[in-house]
Amino acid sequence: MAVLVNKNSKVIVQGFTGTEGTFHATQMLEYGTNVVGGVTPNKGGTMHLDRPVFNTVKDAVVATGADVSIIFVPPAFASDAIMEAADAGIKVIICITEGIPVQDMIIAKNYIQNRDCRLIGPNCPGVITAGEAKVGIMPGFVFKPGRIGIVSKSGTLTYEAADQAVKAGMGISTAIGIGGDPIIGTTTREAVELLMNDPETDGIIMIGEIGGNMEAEAAMWLKENMRKPVVGFIAGQTAPPGRRMGHAGAIVGGADDTAAAKMKIMSECGIHVVASPADIGITMANVINK
Amino acid sequence: MNLHEYQAKELLKRYNVPTQEGIAVETVEDAIKAYEQTATATNTKFVVMKAQIHAGGRGKGTMREVPEQHGVKVVKSAEEAGTVAKNILGNTLVTIQTGEAGKVVSKLLIAQDMYYDGPSDRKEFYLSILLDRAKKQNVIMYSTEGGMDIEEVAHHTPEKIHKEWIAPGMSLQAFQARNIAFNLGLSGDAFKNMVKFVTNLYNAYVGLDCSMLEINPLFKSADDKIIAVDCKMNIDDNAMMRHKDIEALRDTSEEDPTEVEAGAFNLNYVKLDGNVGCMVNGAGLAMATMDMIKLAGGEPANFLDVGGTANAQTVEAGFRIIMKDPNVKAILINIFGGIVRCDRVAAGVIEAYNNLGNINIPIIVRLQGTNAEVAKELIVNSGLKVQSAILLSEAASLVQAAIK
Numbered sequence: 013m014a015v016l017v018n019k020n021s022k023v024i025v026q027g028f029t030g031t032e033g034t035f036h037a038t039q040m041l042e043y044g045t046n047v048v049g050g051v052t053p054n055k056g057g058t059m060h061l062d063r064p065v066f067n068t069v070k071d072a073v074v075a076t077g078a079d080v081s082i083i084f085v086p087p088a089f090a091s092d093a094i095m096e097a098a099d100a101g102i103k104v105i106i107c108i109t110e111g112i113p114v115q116d117m118i119i120a121k122n123y124i125q126n127r128d129c130r131l132i133g134p135n136c137p138g139v140i141t142a143g144e145a146k147v148g149i150m151p152g153f154v155f156k157p158g159r160i161g162i163v164s165k166s167g168t169l170t171y172e173a174a175d176q177a178v179k180a181g182m183g184i185s186t187a188i189g190i191g192g193d194p195i196i197g198t199t200t201r202e203a204v205e206l207l208m209n210d211p212e213t214d215g216i217i218m219i220g221e222i223g224g225n226m227e228a229e230a231a232m233w234l235k236e237n238m239r240k241p242v243v244g245f246i247a248g249q250t251a252p253p254g255r256r257m258g259h260a261g262a263i264v265g266g267a268d269d270t271a272a273a274k275m276k277i278m279s280e281c282g283i284h285v286v287a288s289p290a291d292i293g294i295t296m297a298n299v300i301n302k
Numbered sequence: 011m012n013l014h015e016y017q018a019k020e021l022l023k024r025y026n027v028p029t030q031e032g033i034a035v036e037t038v039e040d041a042i043k044a045y046e047q048t049a050t051a052t053n054t055k056f057v058v059m060k061a062q063i064h065a066g067g068r069g070k071g072t073m074r075e076v077p078e079q080h081g082v083k084v085v086k087s088a089e090e091a092g093t094v095a096k097n098i099l100g101n102t103l104v105t106i107q108t109g110e111a112g113k114v115v116s117k118l119l120i121a122q123d124m125y126y127d128g129p130s131d132r133k134e135f136y137l138s139i140l141l142d143r144a145k146k147q148n149v150i151m152y153s154t155e156g157g158m159d160i161e162e163v164a165h166h167t168p169e170k171i172h173k174e175w176i177a178p179g180m181s182l183q184a185f186q187a188r189n190i191a192f193n194l195g196l197s198g199d200a201f202k203n204m205v206k207f208v209t210n211l212y213n214a215y216v217g218l219d220c221s222m223l224e225i226n227p228l229f230k231s232a233d234d235k236i237i238a239v240d241c242k243m244n245i246d247d248n249a250m251m252r253h254k255d256i257e258a259l260r261d262t263s264e265e266d267p268t269e270v271e272a273g274a275f276n277l278n279y280v281k282l283d284g285n286v287g288c289m290v291n292g293a294g295l296a297m298a299t300m301d302m303i304k305l306a307g308g309e310p311a312n313f314l315d316v317g318g319t320a321n322a323q324t325v326e327a328g329f330r331i332i333m334k335d336p337n338v339k340a341i342l343i344n345i346f347g348g349i350v351r352c353d354r355v356a357a358g359v360i361e362a363y364n365n366l367g368n369i370n371i372p373i374i375v376r377l378q379g380t381n382a383e384v385a386k387e388l389i390v391n392s393g394l395k396v397q398s399a400i401l402l403s404e405a406a407s408l409v410q411a412a413i414k
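Chains S and Y, in that order, are what the protein sequence lines are. Numbering-wise, the working numbering comes out as the position in the first sequence, counting from 1, plus 12. Numbering-wise, the working numbering comes out as the position in the second sequence, counting from 1, plus 10.
Some hints here could point you the wrong way.
The calculated lysine-lysine pairs, modelled on DSBU-like cross-linking and capped at a C-alpha distance of 30 Å, are [what the hints assert, rightly or not]:
(1) Lys179/S to Lys386/Y
(2) Lys121/S to Lys173/Y
(3) Lys235/S to Lys146/Y
(4) Lys235/S to Lys145/Y
For the record, the hints were derived by calculation from the structure and aren't laboratory data.
Between the sequences and the hints, there should be enough to build the whole structure, so can you do that?
Next up, the structure:
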């Protein structure tokens, strides 16, 4: 079962017929994800990848009972797509789109706040529950089924961590890419909490980066709720202050959001912090067998 | 994207935000003309000349070539305006924010003097608008302590910094605008003008998709006008698609030329001071790779994210950009091939290497993911002086050996 998505999830793709949507929907179907249809305005009533296309998310939900949506809509229209999914009653909204303006995300984040849904991303690789459902753009084969959960702001670093965990003899329950933007739907703390409460996850890898205070917030929560070992890594120890390192949110703004400050508070709260990204898997193997 | 003061002020005018009027010039002759024009318009001999660079601290900063010349100067005659323009234009301004290298000044703003006498006291305030990441709302930060370094104020007298958070999707509410004017100690016309000023300024912040808008000093003149005397404006790069007119204001001479070139190839590059170059797919992995270089005893020379499609063209462009930096003693390519297959990336690396010809520094290629073994064989059999690794730890050891 793991968390967020599983083999029973009914997934729709927003931006279904576009290049990205088509490519990744195909990959998800090959993985075995239960993709039940997609949405492209003004293409409703047609078929794409042997699945029905709808004009609105509402239509898709009514016709298919979809409860998960993945968004591949261009940045200018992506916040609208998030709000449409929330309004239609989608429970888990996963937004892959990179480059959404911050002012748009302030409004979308506020819009979904009191609705019964969870947003993952934007600017993220998505969510995979190994062996059950891939709702994202990650290479599925890297994530061998197992009992380690991953929470990460970064895409390829998530694959790296999963690969190391597998090579160290473990496997993955659910990997959650929360995204690298300044405003995201699900924080590090919330994602860690989901995995902490998941009976099918025995250990958690938490990958953060410079900028913001989400890792510190997660660490403070973990201090009181550490029922499984957590291995942590923060990317950007060598990043200069005031420069944006690829991700819109990855920028050191003060003394509290440097890698060093985050690693310190994480260690103090009982997280096994590694300095080198090469040590993530082996450290998890060591602490979980203790 | 950063804007110059003179550009930011022009944009603010669209939203009816009163600003100190000025004329931007690039030559000494135009500076003198602008002086005369401004002095006539304001009916005073006092005119302010301000160097236009993307950095603060201009008033205290000095010109490297003419150390007695600061970056901001009040002048009293056309002759003096000419001398100051000659001292500043084309020369390098070094401020606390530019670092040792300083910035070459190619534009001067010739602005009206706002510090004239009148019935009431002049006052300088501080005001900025930015995103509060934790609250996921925009926040207006302001203080009676204008014209100074706000971080100092925040550190020593935090009670002097006030904040107003703005509800998502709404404009600044009237009571919040009044709060600001009251907290700044204003009354009468100055109060009314401040309420209008901050309301319009917040509309500008949202309308222009700013990620930061700072007015310091925010000025109350002796006749109770509220004026933006200086303005620092930063536009959200993600929102540039709906501000094509602002894109035209980009001053690439203020950016690192190599970073500009990388941008043209859609590569995300940040120049650093180290000796090991790196090329990586994904921002998080790129930062992690830099960290690993440091742990292996080197210093990262750059951040470079080649994105999802690491093909021969992007790898070649990446090589060219990294090798422009003479400090680079080794290059680490770290690609986690997911949907991009490693053997394709390896073929791209080999092609790029051959196209470039004589590369005299060690190249370490770490390819992991789909077809990693095939990729390693391709590299080994290519006969090129390229070392290959699959595990991240192996790559770290190779970097260590390469820079010994």
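Going through the hints against the structure:
{"no.": "1", "hint": "Lys179/S to Lys386/Y", "verdict": "holds, 18 Å"}
{"no.": "2", "hint": "Lys121/S to Lys173/Y", "verdict": "holds, 21 Å"}
{"no.": "3", "hint": "Lys235/S to Lys146/Y", "verdict": "holds, 25 Å"}
{"no.": "4", "hint": "Lys235/S to Lys145/Y", "verdict": "holds, 23 Å"}
Against the hints set out earlier in the document, no violation occurs for any number.
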